[in-house]
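> Listed below are the residues making up each chain.
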Amino acid sequence: NAGVTQTPKFQVLKTGQSMTLQCAQDMNHEYMSWYRQDPGMGLRLIHYSVGAGITDQGEVPNGYNVSRSTTEDFPLRLLSAAPSQTSVYFCASKRRRNTGELFFGEGSRLTVL
Amino acid sequence: EDKVVQSPLSLVVHEGDTVTLNCSYEVTNFRSLLWYKQEKKAPTFLFMLTSSGIEKKSGRLSSILDKKELFSILNITATQTGDSAVYLCAVEVGGGSQGNLIFGKGTKLSVKP
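So the protein sequences, as listed, match chains A and B. Using this note's numbering, you'd call the opening residue of the first sequence number 1 and step up by one each time. Using this note's numbering, you'd call the opening residue of the second sequence number 114 and step up by one each time.
Check each hint, because a few of them may be wrong.
To be verified - What follows is a set of in silico ranges between Cβ atoms, one per label pair, in the way DEER data are often shown:
| no. | chain 1 | residue 1 | chain 2 | residue 2 | range |
| --- | --- | --- | --- | --- | --- |
| 1 | A | R109 | B | T194 | 21 to 31 Å |
| 2 | A | S18 | B | V125 | 34 to 44 Å |
| 3 | B | D179 | A | K9 | 22 to 32 Å |
| 4 | A | T5 | B | T194 | 23 to 33 Å |
| 5 | A | M27 | B | K154 | 17 to 27 Å |
| 6 | B | V125 | A | L79 | 37 to 47 Å |
| 7 | B | E152 | A | V12 | 17 to 27 Å |
Unchecked claim - According to the in silico footprint, chain B covers these stretches of chain A (three or more CB under 8 Å from chain B):
| no. | segment |
| --- | --- |
| 8 | 39–48 |
| 9 | 100–107 |
Keep in mind that the hints were calculated from the coordinates and are not lab data. For each residue, glycine too, the CB sits at the ideal point set by N, CA and C.
This is chain A alone, in the form it adopts within the complex (with noise of 0.2 Å):
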């Protein structure tokens, strides 16, 4: 079972440049989101999708891009790439948005000089 997966798992950037970061699902899951962890921070909601052409912003959503075009499949876009956006960022999904337990990636390491 895949679950949800992410890639890359590590990536460096110099500053204005631009990525994307992938994330896909193969639990039919309705709901998921994108969240960024920094040290002391704690799991910060960036970007969330409720369904295929819904996408809404999370509490840290500037510099940041999503679209949902599947179900399977929610993106996350760095336009250009500031060095505050060094992170670890972990996709999560759940089967609909009320239903609490959210299933997350391996998280992706990002630095960006």
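Following the hints, put chain B in place on chain A, whose structure we already have.
Chain B in isolation, oriented as in the chain A frame:
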């Protein structure tokens, strides 16, 4: 502003000790409270609590919710070195952000042999 506060932020114990981790919350629309364990990578699900006073138990771990006083505790008895991890508390909220999880900063537990 919705918030989840965990205490202590870090804790060092010896094998065999019993520990209690705390989670308090202030949210506008409470739906459920969840506990996760995070070792090297992705958080893994432990418990979801929705009703006050009903203990959830899994092996040496147990948790209970008090919706009147707005807190939850996670107990670990007879700790083992394998319990060393960051324990995350999250609250699922309703209303406009329905279904989103707000995380605390976590409690880092270190169990010494």
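> Against this structure, judge whether each hint is valid.
Now for the hints, and whether the structure bears them out:
| no. | hint | in the structure |
| --- | --- | --- |
| 1 | A:R109 to B:T194: 21 to 31 Å | holds, 25 Å |
| 2 | A:S18 to B:V125: 34 to 44 Å | holds, 42 Å |
| 3 | B:D179 to A:K9: 22 to 32 Å | violated, 39 Å |
| 4 | A:T5 to B:T194: 23 to 33 Å | holds, 30 Å |
| 5 | A:M27 to B:K154: 17 to 27 Å | holds, 18 Å |
| 6 | B:V125 to A:L79: 37 to 47 Å | holds, 42 Å |
| 7 | B:E152 to A:V12: 17 to 27 Å | holds, 24 Å |
| 8 | 39–48 | holds (count 7) |
| 9 | 100–107 | holds (count 8) |
Hint check: a violation occurs at hint 3 only; the rest are consistent with the structure.
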